[in-house]
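These are the residues of each chain, in order.
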Amino acid sequence: MTIREVVKILDGKVLVGEERLDSQVNTACGSDLMSDVLAFVKEKAVLITGLINPHVVRTSEMLDITCIVFSRGKIPGEEILEMAEETGITVISTPLTTYTACGELYLHGLPGTKPKKPVTEGA
Amino acid sequence: MAVILERSFPVEAGAFTTAGEASTTIKRTLKQLGVDAEVLRHVSVACYEVELNLVIHSLGGTLTLLVDPEKVTLISKDVGPGIPDIAKAMTEGFSTASDEARTLGFGAGMGLPNMKRNATEFDIQSTVGVGTTITMTFALGK
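Quick mapping for you: the protein sequence lines, in order, are chains A and B.
Mapping of the first sequence onto our numbering: position 82 corresponds to residue 82, and the numbering continues sequentially without gaps.
Mapping of the second sequence onto our numbering: position 19 corresponds to residue 19, and the numbering continues sequentially without gaps.
Please note that a few of the clues may not be correct.
[As the list claims (entries may be wrong)] Over 10 Å on every C-beta distance to chain B, these chain A residues come out as not near it, computed from the model:
#, residue
1, L38
2, R58
3, E61
4, D64
5, Y99
6, P111
[Stated by the list, open to error] Sample of chain A residues at the chain B side, in silico, Cβ under 8 Å:
#, residue
7, G17
8, L21
9, D22
10, Q24
11, V25
12, M34
13, S35
14, D36
15, E43
16, N53
17, M62
18, L63
[Claimed, not checked] Away from chain B, derived, C-beta distances all over 12 Å, residues of chain A:
#, residue
19, R4
20, G103
21, H108
Everything labelled a hint here was simulated from the structure, so no lab data went into it.
Nothing here was measured: the structure is a model prediction, and the numbers come from that model.
Just so it is clear, CB atoms sit at the ideal spot from N, CA and C, and this is done for glycine as well.
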């Protein structure tokens, strides 16, 4: 799926990265918990989140997440948008809730990321 | 093995605003060196997790990056407080993180296990009252 299709499906507004809308995304993840995102997400993913702080962009950069969708119409501040611009991450705001945004993308064929095997034994 | 690159980054305790800056620099540096994208992602995730741990849990420390032709090595060395029970700290879901860390979306007790999962080799040594040293290596080339 292209980011352009994501924008259309989510009735989204592109805040950063208008020029990258034809990039492909392979999976998606909906989470406000960056710890989980760091543990499970693969590259070329869309992150749908209601959490707004610079670490959302930082986490995405580390994972090569190509697109962040802020749910419930949230618009992040300039600092966050500039960070995303600098890292080449497309930022979208959708009026939908996180749950509905995830549901819509899933319905349109964008799969979720599969959790990796947990590491529970001691060091 | 000949070291190609060595860089150290001081990480301040409780500096939530700048947390991740060292990891960003490390990622960009390794990318310029032409490190494979998948290896780079593993290094970046583990590096960010360990840097966040220094900010959230330690009294301050240093993050060191070493690159040689065969591997990338990350060493996190802090000045305390040390981990009383490492096995417990390695368990997914166990966390002693502050509310501030949790507000930012961290502190879910995934950090150490996630470092271990991403690194080729993972070693943690800790002494209460002295500090913790985490050494991770990432093999280059598959």
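Comparing the hints with the structure gives:
no. : hint : in the structure
1   : L38  : 6 Å, violated
2   : R58  : 4 Å, violated
3   : E61  : 6 Å, violated
4   : D64  : 6 Å, violated
5   : Y99  : 17 Å, holds
6   : P111 : 19 Å, holds
7   : G17  : 18 Å, violated
8   : L21  : 22 Å, violated
9   : D22  : 20 Å, violated
10  : Q24  : 15 Å, violated
11  : V25  : 16 Å, violated
12  : M34  : 4 Å, holds
13  : S35  : 3 Å, holds
14  : D36  : 6 Å, holds
15  : E43  : 6 Å, holds
16  : N53  : 6 Å, holds
17  : M62  : 4 Å, holds
18  : L63  : 6 Å, holds
19  : R4   : 24 Å, holds
20  : G103 : 22 Å, holds
21  : H108 : 26 Å, holds
Comparing the model with each earlier hint shows violations of hints 1, 2, 3, 4, 7, 8, 9, 10, 11; every other hint is respected.
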